[in-house]
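Could you put together the complete structure from these sequences and hints?
Listed here are the chains, written in short residue letters.
Protein chains: 2
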Amino acid sequence: MTQLSPARSWVASANGHADFPLQNLPLGIFSVDGGALRSGVAIGERIFDLQAALHAGLFDGAARQAVEAMADGQLNEFFDLGRSARVALRERLLELLREDSPLRGKVETAKLLLVAADCQMHLPARINDYTDFYVGIEHAQNVGKLFRPDNPLLPNYKYVPIGYHGRASTIRPSGTDVRRPKGQTLPAGQAEPTFGPCARLDYELELGIWIGKGNALGEPIPIGDAAEHIGGFCLLNDWSARDIQAWEYQPLGPFLSKSFLTSISPWVVTAEALEPFRRPQPARPEGDPQPLPYLLDTRDQAGGALDIELEVLLLTEAMVEQNLPAQRLTLSNTQYMYWTVAQMIAHHSVNGCQLQAGDLFGSGTLSGPENHQFGSLLEITEGGKKPIELASGEVRRFLEDGDEIILRARCRREGFASIGFGECRGKILPAR
Amino acid sequence: MTQLSPARSWVASANGHADFPLQNLPLGIFSVDGGALRSGVAIGERIFDLQAALHAGLFDGAARQAVEAMADGQLNEFFDLGRSARVALRERLLELLREDSPLRGKVETAKLLLVAADCQMHLPARINDYTDFYVGIEHAQNVGKLFRPDNPLLPNYKYVPIGYHGRASTIRPSGTDVRRPKGQTLPAGQAEPTFGPCARLDYELELGIWIGKGNALGEPIPIGDAAEHIGGFCLLNDWSARDIQAWEYQPLGPFLSKSFLTSISPWVVTAEALEPFRRPQPARPEGDPQPLPYLLDTRDQAGGALDIELEVLLLTEAMVEQNLPAQRLTLSNTQYMYWTVAQMIAHHSVNGCQLQAGDLFGSGTLSGPENHQFGSLLEITEGGKKPIELASGEVRRFLEDGDEIILRARCRREGFASIGFGECRGKILPAR
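Chains as they are written, first to last, in the UniProt record's numbering: chain S, 1 to 432; chain D, 1 to 432.
Hints were generated in silico from the structure; no laboratory data involved. Heads up, a few of these hints could be off.
Copies of the same chain look alike in the list, so a pair counts if it fits in one copy or across any two.
Claimed, not checked - Distance condition first, Cα-Cα at most 30 Å in a straight line; then the derived DSSO-like pairs of lysine-lysine:
# : residue 1 : residue 2
1 : 427       : 386
2 : 213       : 158
3 : 106       : 213
4 : 213       : 427
Here it is as structure tokens:
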């Protein structure tokens with residue numbers, strides 16, 4: 001495990017910051033006033049401008065190479081450099097941003113720090129392919145129960161890290177509005193579909209995984225090497241039109257019900273920042289099969305799971321008017337993943353499929369076993385049958401126009417600084 | 001309809017050429033001896049070098065803009081220019097390559113023409129997203145029958161142009177070898193899967209469609225405008241591992257069973273070249289529903305279907321040893337598409353999904369109603385139950401190592417020059 005110092009930063013807002021203390025140092029792409037795309041690091045309420053720091057001569061060797069690889073305003077080339085360049089950059093950033101850094105208090109240093117609230121965040125990378133997995137077993141069971149009460153999990157679930165290809169072109173950073181989609185739906189009891197705005201719009205709480213170094217076509221990534229191919233992590237909201245999904249998804253899977261938008265948090269939280277929050281894979285319940293050998297690795301079993309608290313909040317227009325805070329809908333955890341990220345990578349590439357730097361994986365909805373841990377309204381309201389009451393006096397079966405969904409994440413461990421992911425927000429606009 | 005001259009070309013091999021007479025002029029990306037990627041036009045057994053012709057001052061106005069947009073060795077930017085730039089380029093190329101062209105017989109002209117056999121073809125564009133449809137109704141019925149004899153077509157089929165997201169990173173040009181994938185399969189009668197090389201490797205005969213100009217996120221492409229967003233056409237082989245597919249595909253659709261490789265023919269046949277081969281949509285059989293209004297357009301009904309003959313040939317190693325020609329497995333036609341390309345585009349974007357220049361669609365397997373028209377071995381051999389006998393004395397249930405599959409296309413119409421697509425080839429290598 002990387003030695004994590006309890007050190008403080010000379011950037012005052014970083015110390016005790018819920019998401020971005022010195023121990024996090026997530027990478028992202030930002031712009032100011034519509035200018036060029038630049039790479040930066042979130043530190044408290046500030047962004048440390050990596051391109052400016054490069055020009056100021058603050059990087060050497062592998063750290064310099066890492067920042068130079070971001071010069072085109074996207075992290076793909078940096079991801080492709082793999083773990084060693086990322087670690088070198090992190091170590092140098094820890095030196096530069098610590099309390100005892102030589103940068104502290106220098107006039108020219110101010111130019112390297114921007115107020116995050118003044119910056120526009122962008123997608124951190126060009127996403128070549130996006131794959132959405134289904135590794136949240138509680139979600140798979142909850143959704144399966146709605147369709148097949150006696151047999152919620154299909155026979156392949158405990159052998160195959162189920163996933164499908166998603167739409168890459170409609171992934172957007174936090175803050176992008178969500179236009180309610182139109183589409184075909186089959187009204188209950190009818191034989192013919194109608195066309196109109198989605199009436200069952202939902203969120204899905206997911207962990208996003210950035211692929212770092214890719215693999216060549218035809219050359220699978222062994223499970224033991226898979227962790228080396230992780231570029232970082234984010235939050236992902238897989239917005240879902242449940243009524244469109246129910247009518248379209250057989251036999252080839254979800255399509256237009258998901259492809260209108262996918263929101264992600266813009267900061268790439270590195271594997272190094274998450275080291276203290278790795279956990280052993282929970283023992284599989286008695287009777288569950290062991291993974292096939294290509295999915296089994298002792299190091300992955302010992303530390304391939306993650307302990308990240310995941311939260312969903314809803315902010316309605318009425319709450320804003322009543323000065324109410326956003327209301328929590330979900331509090332879950334990445335520990336409910338049935339498969340690790342390394343298993344997802346090994347499985348995805350086992351047929352020779354080429355992964356590329358900047359590919360994005362979604363984990364699938366990460367629900368826990370309890371109602372307050374359910375990662376979608378489909379599960380919370382049992383497909384709309386049990387509406388929830390909000391503090392504002394409203395009720396919700398699914399999302400309404402003007403509703404804003406906010407995802408957050410928090411990693412906590414005794415003796416370590418807590419870190420977070422920043423927010424992933426999206427507000428529903430009425431259908432056109 | 002574009003006026004198609006019966007004119008001949010001064011490039012001798014073009015006249016009467018099965019694929020690339022003067023009337024076709026497909027666009028592609030090539031290199032010579034590992035050099036830079038260049039754009040070119042197939043004409044007979046030659047490639048007309050567009051970048052060289054540009055430097056020779058042969059293009060003006062919109063045609064010049066079209067060729068300049070290809071300077072980066074991919075057609076994306078050219079696709080994004082839309083129809084008018086493409087038409088201007090075609091008209092200028094017809095002038096330059098006709099029998100009475102001023103280029104004829106000039107010494108410097110020779111430098112503009114390369115021997116196609118000496119060139120390496122590449123993917124014509126950076127493929128951002130790849131969508132595979134399922135519009136071959138005969139294939140959907142044949143496959144459905146294998147699983148649901150009484151009810152082969154699902155209730156949504158005649159309302160929804162069914163499609164799913166495919167893997168973009170593993171699309172390769174004709175000639176790329178196909179490594180037999182490994183994966184999980186469930187042996188007949190067993191409760192637990194095993195891992196190993198695919199034993200039921202198959203081809204799928206499809207039409208590929210290149211997206212030209214894209215649309216903005218949230219702004220659907222109306223059916224009446226959809227034809228303007230077509231960049232061109234190719235052949236597509238959606239290689240399929242049937243045993244992996246059967247075990248993995250529920251509930252989210254095919255994944256590793258398809259993502260190991262997809263082969264395409266490298267030449268982009270333009271909508272203009274295909275104008276004479278457009279046909280009215282065949283009347284829907286009695287009892288079939290009419291398309292919902294967003295999928296209905298009188299111009300598309302009158303001329304949105306295509307009459308393209310599609311062929312699959314198999315060349316085994318034994319055939320090569322015995323000096324036998326490749327044996328035809330399939331002779332089908334794009335007329336078996338239940339939905340037009342315009343309907344596919346309108347449907348794909350109706351939820352606001354953003355299409356981008358260089359996106360690729362597959363039609364889905366285009367089988368006809370007769371056995372010799374079936375577009376996959378799954379259908380021809382009824383899932384391996386009825387092996388076929390080959391002229392070489394061999395039998396096949398599915399593809400074996402060393403087998404090569406060749407797709408071809410031919411457009412014929414009385415009074416018009418026939419055109420083709422060039423080949424889409426791929427040879428099976430043993431599993432690693």
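Quick rundown of the hints versus the structure:
1. 427 <-> 386: within (23 Å within a copy, 55 Å between copies)
2. 213 <-> 158: within (28 Å within a copy, 43 Å between copies)
3. 106 <-> 213: This pair counts as neither: shortest intra-copy Cα distance 37 Å, inter-copy 50 Å.
4. 213 <-> 427: Cα proximity of residue 213 and residue 427: across copies only (28 Å, versus 34 Å in one copy).
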